[in-house]
Each structure stands twice: as structure tokens, then as C-alpha cells.
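Student: Listed below, chain by chain, are the residues.
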Amino acid sequence: MKPSLSRARCLGAAWLLTCAASGALAQTVTDVATPATPTAAPTTAPSANTARIGTFKQVQGDAWIGAGTARRAAQPGAGVAVVDRLSTGPQGAATLTLKDGTVLTMGPGTVMDLSQFQFDATTQQGNFLLDLLRGSVRVVTGLLAKVNPELFKVQTPTSVVGVRGTDFIVETQDAR
Amino acid sequence: MTATFALPHRARLGAALAFFFLLSACAPATRITLLPQASGAPSAVVVSNSQGVQVLAQPYAVAEVSRSGSIGLATTTAEAVRERHPQLLGLQPPAPQRFVLQFEPGSSLLTAESQALLVEVIAGAQARAGGEIVITGHTDRQGSLDANDSLSLERAQAVRTLMIERGFAPERIDAVGRGEREPVVATEDEVVEPRNRRAEVLVR
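Here the protein sequences line up with chains A and B, keeping their order.
Mapping of the first sequence onto the numbering used here: residues 1 to 176, in sequence order.
Mapping of the second sequence onto the numbering used here: residues 1 to 204, in sequence order.
Keep in mind that a hint or two might mislead.
[Claimed, not checked] Below, a sample of chain B positions facing chain A; criterion: calculated Cβ distance under 7 Å: (1) T30; (2) T33; (3) Q37; (4) G40; (5) S43; (6) V45; (7) S48; (8) V65; (9) G69; (10) Q87; (11) L91; (12) P94; (13) A129; (14) G143; (15) D149.
[Claimed, not checked] Sample of chain B residues lacking proximity to chain A, with all beta carbon distances greater than 12 Å (derived): (16) V46; (17) V184; (18) D189; (19) E190; (20) N196.
[As the list claims (entries may be wrong)] Estimated spans, in silico, between C-beta atoms of each pair: (21) A:R72 to B:V185: 41 to 49 Å; (22) B:P86 to A:E150: 29 to 37 Å; (23) A:D62 to B:T161: 32 to 40 Å; (24) B:S150 to A:T69: 41 to 49 Å; (25) B:A112 to A:G68: 49 to 57 Å.
Hints are computed from structural coordinates only; laboratory data are not their basis.
Just so we're clear, the structure is a prediction, and the values are computed from it rather than from any experiment.
Glycine included, C-beta positions come from ideal geometry on N, C-alpha and C.
Can you build the whole structure from these sequences, using the hints too?
Tutor: This is the structure in C-alpha cells:
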């Protein structure tokens, strides 16, 4: 075996281990913090696409919707639903807008889950929980964080980020 | 044969793993950077875990959370953020465009001017990567809150139908009724005010 190939494989193994560990940890944290009580039912208006909570805008390189073998390539205009796992490749990046106007930009090598999202467009009540498992995400908040700041959270395996109306970046694990 | 081959391989794997964990032990597990708001308004984020709570309230303030959970504070600069996160800064959607559509008095028919504006709205949305249209209907304060919620949604839906007829993808148009919550002209309840009967259109 050539040293370079062997090294690549070793690093690959280490990377997978870390992912598995952080995934498990993220799950634990999510379980603890989950009961962020939804204050409003999603709108039932027939003209609202209730399953669709956001839309991909710019996509650079590889970006995917869904987990494992069920994942599909994210194209500009593609819809995302609550609980979707979104990810980017090592050279990938992508931007999406949620129903309330929140803009999420994913950096390279990112894995994140849209764990909770509820938004009643009439009352502007709802909640949002993003779990960042790996990589980096920029969050420019929209109506949800303005109206319900205490119900808008970004979690990583080691911390929870709450907002007071804003634009910020969260990175976790081997972000670079 | 197998043993002599496996040993150095395993040693290399061990060394690579040790190196990896050494690296990752030094780097913070999570890093949060507060950016300035486009509007210049003050903002903040609160970083918390079982070990404590830290507030970032100045642009370019940084919280670094270690694997053990301790939260340290640091600062960065606009240049350093640009270098570290070129995609996060570069890949932003253009600012949304806003339009206001007016209805003929006492109806859900758009004025001629507003009908002409529809073409511009659709062209704007089609020019964007993953462009979306959000139509928000508004009423004046005549009638009950519930009735105005319904009326404002009906108006928004009527506009949505026009846009679908003009060929825009239905799954990327949302109709929202905000009722009497956001008047452009403040009035007492039950006051008729035609300027408040409108649909606001957001293209993003």
C-alpha cells in the first residue's frame, strides 16, 4: 500500500469516528433541549405550502438535502422541510431562505438538521431549532427571531446559541 | 505476511488518530462570531451550555466553546472573518425587492397600475436563483379581526392566482393574510381607510 493512500484512509477513518461521536452527542443535547414549546400551530391556509419551510438560493459545488443514501442534490429553488438534514461537500456552499425570511448560509463540509420550524405567517408566531453537527453556518435572522427571540436557537454538540435579533456565524468540530 | 503488513499500518493509523485528536483538542469545539447587522442596529447572541452563559454584544465578538464545555471570549476582525469564511460572506442572496399592490375600491380587483406591476414582480423573481414571491394581504380596521384575517388572505390568494396564471412556479409563491395588524395609516377601530387595503409583495 502506498503511504499516501494509507494516510488518506487513516484520516478517513478518524473523520468517520468523529462524525459518529459528534452525531451521538448532538442527539443527546437535542433530546435534553427539545421541549421548546411551540406556541402556534402552522398556518392551515391552502395556499401555504406547509411542508415546505424554505428554499435553496445560491448553491456552489456539492450540497444535499436528506441523509444517507436518500440524500438528493440541492438545486436553486429546491424546497426543504422540517427535520431535513442539509449538508455540503468539502468545496460546497449554499444559501437558503426560510419562510420567515431567515437566511442560512452553509460553509464547506457542513452537516446540519432543521430540527424544528413552525411559523404562522398571520401572527408571525413560531419557533426554530437548527442543529449544527459539523462545519459552519451563517444565520441572518428574520421575523421569527424578531417576534419570538427566545424560541429561536442554534445548537452545536457543545452549546446553544440564542439570539437578540441578528447576524452571526456558528462553526463546530473541524470547521476548516 | 499478514502480521508484518498489518503492524505498520496499524501504527500509522494510531499515529494519525493521535495527531487528529491532538489537533481537535486544541481547536475549540464550537466557535460563534457575532457579525454587524446590515441595518447598523445593535444585536447580540447568547451562548450557553451546562458550564455557563456568555453574551456577545459587539460586532466581531467571538465565543469559543471547548470540548469540555468552557466558554471563552475573544474578538476577531472583518478581514479575519472574510478570510476564514469567504463563502459565508460571499454567497448572500441579493436584498429582497418590495412592491405594493392596490385594489380597486371595495373589490379584490387590482388597479390597472398594479396589474402592470405584476410583470415586473415576476421578472424580478425569475431573475433570482431560487426566487420566491411572498404576497401579504392587508385590510383596514373595518370589521372583526377574524373577518379581516380571512379577507386579507383572500386578497393575497387572488394575487397569487394571477401570478400562477402568468407562469410562476406555484410552490414558490406564498399568500399570507395579516388582517388589520399592519396598517400603513393608523386609525381607530372600525374606520374605513382605503390606503390600508393593499397587498405587499416581497420578492426574495
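Student: Identify every previously stated hint that the structure contradicts and give their numbers, smallest first.
Tutor: 4, 12, 14 and 16
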